[in-house]
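Asker: Taken in sequence, the protein lines are chains G and A. The numbering used here runs 868 ahead of the 1-based position in the first sequence. The numbering used here runs 6 ahead of the 1-based position in the second sequence.
Certain hints may be false.
As the list claims (entries may be wrong) - Okay, the calculated bits of chain A under chain G, using three or more residues with CB under 8 Å as the criterion:
id, stretch
1, 19–26
2, 58–70
3, 76–84
Claimed, not checked - Within a straight-line C-alpha distance of at most 27 Å, the following computed BS3-like cross-link-like pairs (lysine-lysine) qualify:
id, chain 1, residue 1, chain 2, residue 2
4, A, 112, G, 883
5, G, 1026, A, 80
6, G, 1047, G, 916
7, G, 1052, A, 102
Unchecked claim - Label pairs and their in silico Cβ distance ranges:
id, chain 1, residue 1, chain 2, residue 2, range
8, G, 942, A, 97, 43 to 53 Å
9, A, 119, G, 1056, 42 to 52 Å
10, A, 18, G, 922, 19 to 29 Å
11, A, 46, G, 906, 44 to 54 Å
12, A, 30, G, 1013, 42 to 52 Å
13, G, 1088, A, 104, 41 to 51 Å
Just so you know, the hints here were simulated from the structure itself, not pulled from any lab data. Source: prediction; values computed, not measured. Note that the Cβ used here is the ideal one computed from N, Cα and C, for glycine as well.
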Amino acid sequence: MKINVMQDVLQANDKIAEDNRQIFRKNRNFVINLMSSPGAGKTLLLEKTAEMLAGKLRLGVIVGDVETTRDADRISKFGIPTIQLTTGNACHLDANMVAHALPHLKLDEIDILVVENVGNLVCPAEFIIGEDHKVMILSVTEGDEKPLKYPLMFHESKLMLINKIDLIQYTNFNLDEAKANARKINPDIDIIEISCINGTGLDRWISWLTDHYQLKQKGLSNA
Amino acid sequence: MHEMGIAQNILDIVVATAQKEGATRITRINLLAGELRAIEPLQLTFCFAIVAKDTIADGAFLNIEQIPVRGHCKDCNADFPIEDYIYVCPECSSSKIEITGGNELKLQDIEVE
């Protein structure tokens, strides 16, 4: 006997993501899903972001890692409310894991919530968590062909940060090639070159973040 | 390895669907997987076999139909297949492309006993 199913495989995840989204809307949180491969600089970027936003906007962080609380320890030093999710053997965060972290955060005291996903260029792009935007980091030590090899993440991201730009002279990373490759996959993607070591481009990243935070606030007020 | 999480989601849906119809065994599952979803069929069938062990879907054949990526040009209205993830209209070279296929991850139907 044949039974018609016609159901989206990830509908259970997408439903929880929508519940998360409602919670974020109620608390007026602007939410970023931050993704990259391991070692691209997600945690250092968050440390710099915490420093630069201090006294302006209130940051909160949910960190996903397979093991250890090292990243959460680094970020919470800045006085930022931080929740660590250890995923065990899962290679990405899903909406359900994020939903379990939310009761541990005072969301009404947070303006921008960054969910630092597990380091991985494939799986995190597949699972929505209720975010406003996906932001990804590509570092120059990884190679300019990555958009073509891992298209889904580049396709889903609103912004690509090209990190470790201070090291570019020591690599064969071609900046124009990397941007062209990303735009082949996603013509509308925003791109900012940064270095968390010498500070290049971080002011542009902070402007992007605050502009999009304000856009969301305006949208919520008009709703 | 997002295949493991996806396999578990597939199992949850097909088992619930089969039980609602009073079936005791699932023999075949037909899945539509858009190429944008980056599903590796071999890996997904392998993961599914693991999660389905000792359930009513144990041994079920997971048939994965890959759906190619398709686009629609917002400037000249052309419809075309998108190859190598290059989002440019082959007719007018516009990059204002709407994705019309290849994003699916959908269970179509199952065969049960």
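Asker: Each of the hints needs a verdict: does it hold here or not?
Answerer: Here is what the structure says about each hint:
Remark: the stretch 19–26 of chain A is confirmed as covered by chain G, as 4 of its residues place a Cβ nearer than 8 Å to a Cβ of that chain, reaching the required three. Counting residues of the stretch 58–70 of chain A whose C-beta lies closer than 8 Å to any C-beta of chain G gives 0; at least three are required, and the coverage claim is violated. Counting residues of the stretch 76–84 of chain A whose CB lies closer than 8 Å to any CB of chain G gives 0, which falls below the minimum of 3, so the coverage claim is violated. Using a Cα cut-off of 27 Å, the hinted pair residue 112 (chain A) and residue 883 (chain G) holds, with the two alpha carbons roughly 15 Å apart.
At most 27 Å may separate the alpha-carbon atoms for a hinted pair to count; residue 1026 (chain G) and residue 80 (chain A) meet this at roughly 20 Å. Distance check on the hinted pair: residue 1047 (chain G) and residue 916 (chain G) sit about 24 Å apart at the alpha-carbon level, within 27 Å; holds. The suggested pairing of residue 1052 (chain G) with residue 102 (chain A) holds, with an alpha-carbon distance near 11 Å, which does not exceed 27 Å. The beta-carbon spacing between residue 942 (chain G) and residue 97 (chain A), approximately 51 Å, falls within the hinted interval of 43 to 53 Å.
A hinted range of 42 to 52 Å for the beta carbons of residue 119 (chain A) and residue 1056 (chain G) is consistent with their spacing of about 49 Å. At roughly 44 Å, the beta-carbon separation of residue 18 (chain A) and residue 922 (chain G) lies outside the given 19 to 29 Å, and the hint is violated. For the hinted restraint 44 to 54 Å between residue 46 (chain A) and residue 906 (chain G), the CB-CB distance of approximately 20 Å leaves it violated. Hint check: residue 30 (chain A) to residue 1013 (chain G), Cβ distance near 50 Å, so the stated range 42 to 52 Å holds.
The hinted window of 41 to 51 Å between residue 1088 (chain G) and residue 104 (chain A) is violated, with their beta carbons roughly 27 Å apart.
Hints 2, 3, 10, 11, 13, counting from the list given before, are not met by this structure.
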